[in-house]
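Novice: Here the structure of chain A is known, so what remains is to put chain B in place on it, guided by the hints.
For the protein sequence lines, the chains are A and B, in the order given. The opening position of the first sequence corresponds to residue 1 in the numbering used here, with each subsequent residue numbered one higher. The opening position of the second sequence corresponds to residue 1 in the numbering used here, with each subsequent residue numbered one higher.
Heads up, some of the hints might be wrong.
As a list, the in silico EDC-like pairs of lysine to aspartate or glutamate whose alpha-carbon atoms are at most 20 Å apart [to be verified]:
| hint | chain 1 | residue 1 | chain 2 | residue 2 |
| --- | --- | --- | --- | --- |
| 1 | B | 20 | B | 6 |
| 2 | A | 420 | B | 33 |
| 3 | A | 380 | B | 39 |
| 4 | A | 94 | B | 45 |
| 5 | A | 459 | A | 395 |
| 6 | A | 106 | A | 16 |
| 7 | B | 26 | A | 417 |
| 8 | B | 20 | A | 372 |
| 9 | B | 22 | A | 353 |
| 10 | A | 448 | A | 288 |
| 11 | A | 252 | A | 464 |
| 12 | A | 459 | A | 268 |
| 13 | A | 59 | A | 2 |
| 14 | A | 410 | A | 143 |
| 15 | A | 394 | A | 341 |
| 16 | A | 447 | A | 288 |
| 17 | A | 260 | A | 288 |
| 18 | A | 30 | A | 2 |
| 19 | B | 26 | A | 349 |
| 20 | B | 40 | A | 372 |
| 21 | A | 283 | A | 395 |
| 22 | B | 20 | A | 353 |
| 23 | A | 88 | B | 23 |
| 24 | B | 40 | A | 27 |
| 25 | A | 459 | A | 265 |
| 26 | A | 245 | A | 417 |
| 27 | A | 387 | B | 33 |
| 28 | B | 42 | A | 388 |
| 29 | B | 43 | A | 261 |
| 30 | B | 42 | A | 91 |
No wet-lab data here; the hints were simulated from the structure.
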Amino acid sequence: MELNTLTGHRLIDLLEENKTTPQQIIDSLKKRIYEADPKVKAYVRLSDSHFLNQTPNTKHQTPILAGIPISIKDNICTEGYNTECCSKILEGFKPPYDATVIRKLKKADATILDLKTNMDEFAFGSSTENSFFGPTHNPWDLECVPGGSSGGSAAAVAADEAIWALGSDTGGSIRQPASFCGVVGLKPTYGRVSRYGLIAFASSLDQIGPITKDVRDCAILMNIISGYDAFDSTSVNVEVPDYTKSLGMDIKGIKIAIPKEYFIEGMDPEVKSALEEAINKLKALGCECSEISLPHTEYAVPVYYIIATAEASSNLARFDGVQYGFRAQSARAGKAQSLIDMYKKTRGEGFGEEAKRRIILGTFALSHGYYDAYYLRALKVRTLIKKDFDAAFKEFDCIITPTSPTPAFKIGEKIEDPLKMYLSDIYTISVNLTGIPGISMPCGFTKKGLPVGMQILTKSFGEEMLFRVAYTYEQNTSWHLEKPKIS
Amino acid sequence: MAITKETVEYVAHLARIALKPKELEKFSGQLQDIINFIDKLKKLDISNVNPTSHILPLENVFREDTARESLPLDKALMNAPCRKGNFFVVPKVIE
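Chain A with its partners taken away, still in its complex shape (with noise of 0.2 Å):
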């Protein structure tokens, strides 16, 4: 079996008896990146990394992770290493420092690949078509988008292109993409994991989490890169568990929710049998199931697409061609007008379509006059789907729900309307609304072969019963068994 269709815990495992190198895992993963990228597009700058001569980290400190690699997405610093958020105001940056959970990863042994996975351009978007290297292709079906934003990690891991990455999830980028590449994917609570050195999109929204083969690698890296950093004041100091214990733990008894609003119509006819299955495979294993409503849910989506955007708007003024990235052409050595007019050209050039979209979007919902009517009310309809989730988890273990009303789409689908794209969110956005966690899984596939992701939200800093139903589930199915065959 080749060494880079294996889990990490296989590895682990497979390291611990001498049975291989990470040299080797390090060689499977590089011939199988030379196959397949070229057709599935997961990685950025393949040709000017210095993954050619990447051997691996075995300093030994913390050996958890014993030398296997790990893909990063394009917006967590890699301190040395090119991290552009795949926009070309971007270009060339090389953070000074590493990321908290670089950091973490690499005092447990993980060796950091070089070369970073595609993602939609800062974040913005769903579905991988905003980057500048241009789009990942769903490796189960090419002329299909990975999801996004991060979906040169998810397509990475479907395809095994990589043993395990991390994504980032603002409004559902790493469980979207997840679900539409047949992975497990999991936002964490929000303030469980350090932001520092994920660059920035939306403040009390982002979150970093793992992007795996099964349940039990996603509790195993959720153990390395949890906790408290003093680095991110927005990070919690709550105790990180061992996630692995919660894995085989009975679910009888446990007491789901599911919220009639995610039932509905327009949503694929396949997306929701394969919930109905997944719903009935829960009950059979003990699980008590029952209808409830999230009575504001069709507000979720404007209430994002005002806060996300307004605070990037905020995140992204720092892109002026100052102090690093791209800067325009017309306004270098002494051609500049002045500087706004730097910084006019720089960000008019430097950002993509969408970023900029989504900039004046932002901008207009936190400007004199608008401000009241547009942040100030998204700000108090948050407070409305937070009491929603809040009464819920005050009966229920865990609400379950499709992570997206359509399998994958094709590429160019969406692309010419945004309200569209934005509207495929509606069932991971509330999660960052709310903070809360949420894990996406296999839970079937379409009759094209396409993959089905279900998603399991609980409470802050519940992430234990999530690892607690998914591993139950996945362990008396066998979705996660399935490998795409790239053509």
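Specialist: Below, chain B alone, put in the same frame as chain A:
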């Protein structure tokens, strides 16, 4: 709420982004559609609701005001598009 080309132009100026005429045209249409969609929030009664600007009950996360090692100058300047000594070089600011 009507989003005209003038609205977009003004907001783009606030955001320091130079838009081409084609982009201005395209964005006004798209942003109009998005704002129309967002306007459904007006249906809700929010008279007695507090805003949630931050999901965690954290307040004033401070540390001791003591100097610590910080990013060395060379590292801070290493990505500069235009550098001269210890400075980032930019077009003239003062007339």
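Novice: Evaluate each hint against the coordinates.
Specialist: Results for each hint:
1. B:20 to B:6: 13 Å, holds
2. A:420 to B:33: Holds, at about 11 Å.
3. A:380 to B:39: Distance ~14 Å between residue 380 of chain A and residue 39 of chain B Cα, so the pair holds.
4. A:94 to B:45: 48 Å, violated
5. A:459 to A:395: Distance ~11 Å between residue 459 of chain A and residue 395 of chain A Cα, so the pair holds.
6. A:106 to A:16: Holds, at roughly 19 Å.
7. B:26 to A:417: 11 Å, holds
8. B:20 to A:372: Since the Cα atoms of residue 20 of chain B and residue 372 of chain A sit roughly 30 Å apart, the hinted pair is violated (cutoff 20 Å).
9. B:22 to A:353: 12 Å, holds
10. A:448 to A:288: Given that 20 Å is the threshold and the Cα spacing comes to 32 Å, the pair is violated.
11. A:252 to A:464: With Cα atoms ~15 Å apart, residue 252 of chain A and residue 464 of chain A stay inside 20 Å; holds.
12. A:459 to A:268: Not satisfied, since the Cα-Cα distance of roughly 28 Å exceeds 20 Å.
13. A:59 to A:2: 25 Å, violated
14. A:410 to A:143: With Cα atoms ~6 Å apart, residue 410 of chain A and residue 143 of chain A stay inside 20 Å; holds.
15. A:394 to A:341: 54 Å, violated
16. A:447 to A:288: 29 Å, violated
17. A:260 to A:288: 16 Å, holds
18. A:30 to A:2: 12 Å, holds
19. B:26 to A:349: 16 Å, holds
20. B:40 to A:372: 15 Å, holds
21. A:283 to A:395: Within the cut-off at roughly 17 Å; holds.
22. B:20 to A:353: Given pair residue 20 of chain B, residue 353 of chain A holds - Cα atoms ~11 Å apart, limit 20 Å.
23. A:88 to B:23: Satisfied, since the Cα-Cα distance of roughly 18 Å is no more than 20 Å.
24. B:40 to A:27: 54 Å, violated
25. A:459 to A:265: 28 Å, violated
26. A:245 to A:417: The given pair, whose Cα atoms are some 45 Å apart, is violated under the 20 Å limit.
27. A:387 to B:33: 29 Å, violated
28. B:42 to A:388: 19 Å, holds
29. B:43 to A:261: 18 Å, holds
30. B:42 to A:91: Not OK: residue 42 of chain B and residue 91 of chain A at ~41 Å, beyond 20 Å, violated.
The structure fails to meet hints 4, 8, 10, 12, 13, 15, 16, 24, 25, 26, 27, 30 from the earlier list, while all remaining hints are met.
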